[in-house]
Each structure stands twice: as C-alpha cells, then as structure tokens.
Amino acid sequence: MSKTMAPDLHEPSAGIPRPSPQTEWKHPSDHWMRGFILDNRASLGTLGVFIVMMAVFMIANPTVFTTWYLYRSVLTTLPVALFVVVPLVFVVTCGEIDLSFPATMGFASWVFALFVQAGYDPFLGIVAALITGMLLGFLVGSLVVYGGLSSLIATLGMNFLLRGLIQIINEGKSMALTGLSDSWAYKIFSSQVWGIPVQIFWAIAFVVLSAMLYNRHRFGTQVRVVGDNPDSAQQMGIDVKRVRVKVFVFVGIGAAIAGTFSVMINFTWWPTAGDGYLLPVLASVFVGGTPTWGGIGTVVGGAIGAVTVSFIQTGVVAAGLSGFYVQFFNGLIIILSLLGHKWNQARYR
Amino acid sequence: MAERLIELRDISKSYGQVYALGGVNLSVDRGEVVGLIGDNGAGKSTLIKILSGVVKPTSGEILVRGKAVTGWSAARSREAGIETVFQDRALAVQQTIVRNIFMGRELTGFLGWIKVNKEIEEASRLMREIGFTSKVFTPQSIVGQLSGGERQGVAIARAIYKQAELIVLDEPTTALSLTETAKVFHFVRQVRASGRSILFIGHNIHHVFDIADRFVVLDRGKVALTTDRSKVNSAEDLINFMEDVAHPGGLAGLHDAGDAEQRAR
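Sequences listed follow chains C and Y, in order.
Using the numbering used here, count along the first sequence one by one with no gaps and you end on 349.
Using the numbering used here, count along the second sequence one by one with no gaps and you end on 265.
Here chain C stands alone, though its shape is the one from the complex (with noise of 0.2 Å):
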C-alpha cells in the first residue's frame, strides 16, 4: 500500500489544519427575526396563507366579513376541529395515520351521552368519554403497532367498525341531552363569555399545551425522531413501538374531548357525531404545512390549518358564492397550499 495514499495516522494533527478550538457558534442568520421566520417557516406560510384567503373574502362581501355573527359561528365549531387535529400532527409526525378518530368522537361522546342521560353529573360523563378515548386509542394503536399493520388500513377499518358498532346498538336513533344547558360542565365548557365562545379558550389552551408538547418535551422530540429515522431511534434505546402507541392514544383522547364539545354544543348526540370531521380535518393537518413524510411537523401551522379550512365553508357561502363553490375552493386551497409548503421547505445537501 503506498503510503501516500493514507492519511498519517501516526501524527494525525502534523499537517491538518484543524479549526482551532475559540472559533464559536454563530447563527447563519444573525437576526433574531430571520432566525424565527426560518425556524417557523411552515406555520408563518400557512399564516400567509390564511390571511391573503380572508382579504379575497373580505374584499368580495366586506359587510358579512366586518359581522361578528360570522366568526362567533366559526368559532363555536373550529374548537372541535382543533382537538383532533393537534393529536393528528403527532400522528402523521410518527409516520403514521389516524382514520379511525371520527367514530372515536362518535364513541367517546356517545359514552358521554350514557352517563348525562342516566342522570349523573356531565363532568363524570366527560372522565368517562376521555377513558373511552384512551382505550379505543390504546385499542387502534396496538393494532398498528404490534400487529403490524398498515395504519392507513388498519385505522380505516377501526372506523368502519367502530362507527358500525355504534350503529347497530343505537339503530340510528339520537339522544336529545336538554338536562345539560343547566349543568356546571355546561358553562365552563360551552357558554359564552363577552360573546365569544369559551370552547376557542379551551382549544387554544389545547394547542398551546401540545405545541409545547411537541416542540420541548420528551414525547415530542421522541415522535419527531421515530417518524424521522425510526432504527436510529431503537439503537439510541428509545422504545419505537411505545412512542407509536402513545401517539394513537393522544388522538384518542383529543377525538373523545371534541365529541364531547360537539355534543355539548348540540345538546344533542346523534349516531354519526364526528363523521363529518375525517376529511376536513386530515385536510387541516396537511394545508397547515406538516409533511407526509413523517419526522416533521408544526401544531400552530395545523391550528391555522384548522381555521383556514373551517372558514373556506363560511366564507364562500358569505361572500356571495353559492354552496356549489364550497368543493372548489376547498380543493384550490388545499393545492395552492401543498404547493406553497413545497417551494417552503427547509433544502438539504
């Protein structure tokens, strides 16, 4: 072997230039602006997004836009959206997905609706929804995980059967709830305080806790790194099949919190509570900027998602637009969106 070739590696440093230990850290972008724009660069788009959407609305029916009946309406209902969308950024962080979450809100509220229509106190219905949802949670996870199965599939046919279930034991018939107007649980969760409704304070408390959660606890950062590199994850000892249940769980318990919030607002729990939430919300998650691919991912930019999506509905309707736009618009921003998230990404070597 010529030794030309090699490196010295009897002197390693006689030769080398090496960086001498003084030189610090600094900052590619030494403001502190740039720094966040950089750092937050997917949730600020979506923001971007949002806001160019509403002065199109605002600016084709500025009386209806200037109301406060308008948002009151969209607040009531996004607080719903909201508490399943957050658990579904862990999810899709993980690697995964979740379609199972909407008969979870189904079964969770319709536990909840048992136990106020037995006449016990709606707070021991709310504990009683939230076990309810850790446990499908638990169920749907362990499934994927330790059966091994696709999500996709797997979480798909837990929806079918789950919201089956109910169907068959209830046969398609509601329960009217008008006992819960009167209760406590009902004005701490429900009422409205200066005219805005307290759901949104419970939400966005929701999604600060758990952008939190993702970006400075251990839970987070452990989802981040198994939908990031999963085998790096298990030779560093962290316990994949775990994280993976544990984010399966976590939507559980956000889809048994918005079924109970949707059954409270309705006084009502009807059979199909949640179906309508699969589509809109999965398109949350992705419109708010958090990728497919797993290992990344931003709660606040999915939070906005969930706005932005919720007022497409009631802002085509109210900017003069007949409810046969409604699809259209969805679809557009959905693409204009992923397009946008596309040409955002951070770019590797």
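Mixed in with the good hints, there may be bad ones.
[To be verified] Anything over 10 Å on all C-beta distances counts as not near chain C; from chain Y, calculated:
no., residue
1, 18
2, 61
3, 81
4, 165
[To be verified] To give an idea of the interface, some chain Y residues facing chain C are shown, with a C-beta separation under 7 Å as derived from the structure:
no., residue
5, 90
6, 112
7, 114
[What the hints assert, rightly or not] Calculated lysine-lysine pairs in the DSS-like style (CA-CA distance at most 25 Å, straight line):
no., chain 1, residue 1, chain 2, residue 2
8, Y, 162, Y, 118
9, C, 241, Y, 49
10, C, 241, Y, 56
11, Y, 56, Y, 115
12, Y, 49, Y, 222
13, Y, 67, Y, 49
Derived from the structure by calculation, the hints contain no laboratory data.
From the three backbone atoms N, C-alpha and C, an ideal C-beta is built for every residue, glycine too.
Knowing the structure of chain C, use the given hints to seat chain Y on it.
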C-alpha cells in the same frame, strides 16, 4: 491485568436456518483498543448489534464487569456505558444536531420537559471538544444540511457524551476524506489516553492495524484469530492470515489480488 469491561460468551445468532454467528467469544478490557476485522458477511455487524442491544442473540451470555446480565437491550447497553457509532451513523437527518446528540436520553426536568438551554450548551461543548466547529452551523442546525464528515462528528459527539466506558466504532472511516479519517484516528487516541476502551470495526486492515492493541479476526461467524499487536509484524501478516483462513491451502495469485484491492481503497 486490566479490568474486564465487557465479555460476550459463546454468542450465537441464527436467522432461521442461516447462522450469522456460531459461538463467538469477545472481550474488551479497560483502556484498550480492540480491532475487529473480517470479510463481508463474517458477522461483524451482527456482533456489534448484539453488543449494542439492537439484536438479541439466539444463545450466549453477556457479562458487564464480570457480571452476567439479563434482559439486554439498546437502553441497557447504553446504561452500561457502551456507546455505538453505527456504520450508517444512526442520525435523524431532519432533526437538529442537539436532538441527535440527545436522542434517547433527552435532558429533562420536571415532568419530562426538556432543558433546552442546557442541551444547547452541552452540545456546543461536545462539538468543540472533538474539534468540530464552524461558522456556518450551530447546535440547532439540521443534520441533513451537514457533510458526511460533519455527520460523523455528530455521531461521535453523541457517543462521548456521558463519558462512555466503551465506544464501538463500526467502520468509522468508510466514505470519509483523508482529513476526516485523520480526525477519527486522533479521536480514538484521545479516548484511549483518557483510559476508556474502543472496539474498532474496520474494513481497511491498514487502518485497524495502526490503531488497535489487539486484533480479533472474524470469519464466517467464528473467531478465527485473537492476537496482540506485539505478535503481528505488519498489516500484510494479518491480510495473509485472513486469506489463509478464507482459502485454506493458499491459492496462487490471491495475495496479489487482495493487495491490489487494498491499494485501491
């Protein structure tokens, strides 16, 4: 005699009917650099994965400081002070340098919340320690934006955090430039000087020969030779030995071919 850090006794691993390892004994003492060499398919990677707890052996015993352990896993291996720099570096490329260094052992405080500033501080210290500094990236840079050598630096920084007792380097010089390779060797010497141990797995026998105190040659799932550096005259001796093991009786011309292959690297 130096303290025996870790010992693998009679380790076997089979995948169905295929034997990857058949009764391997391997030990590492404190403060020594052991070079593990062998051809492709000799079972080096499997052995490393068993040592780091990623793969469970079919049979055999693992002893840490003379005590047999049960329930060996990746987490247990790291707790025992064994850090592995895997051949593929085991990095999550969409995450920051900090996240990769603290993968699987985040610095957390109350209720599992991460001590963000502490992690960044420690990461900068580690990167400086291994002479890995730059103006263009920070501990919060994304690993996917780093070059191969820089990524290796991240993997090594992860391994030396917490003063690991044994650092396993699986083909650390593959795909590295000459200066980067030299950095790795400098690092190995530093570790040995600090009294810790290294298990160095190499494809390039010249590299391993220059750095190791003891050699273990693996051939088709079995230990073919264990010898001290003092008993081997040159890297060529080792190569000859490996060829003899692989082709008993000695095939004419093979030596030259093997040598040429080495030179090509």
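Here is what the structure says about each hint:
1. 18: holds (21 Å)
2. 61: Holds, since 21 Å exceeds 10 Å.
3. 81: holds (13 Å)
4. 165: Holds, because the least Cβ-Cβ distance between residue 165 of chain Y and chain C comes to about 16 Å, which exceeds 10 Å.
5. 90: Since chain C brings a Cβ to about 4 Å from residue 90 of chain Y, closer than 7 Å, the hint holds.
6. 112: Status holds, d = 4 Å.
7. 114: holds (5 Å)
8. Y:162 <-> Y:118: Judged against 25 Å, a Cα distance of about 14 Å means the pair holds.
9. C:241 <-> Y:49: holds (19 Å)
10. C:241 <-> Y:56: Holds: residue 241 of chain C and residue 56 of chain Y sit about 17 Å apart, inside 25 Å.
11. Y:56 <-> Y:115: Between residue 56 of chain Y and residue 115 of chain Y the Cα gap is close to 33 Å, so the pair fails against 25 Å, i.e. violated.
12. Y:49 <-> Y:222: The given pair, whose Cα atoms are some 16 Å apart, holds under the 25 Å limit.
13. Y:67 <-> Y:49: holds (20 Å)
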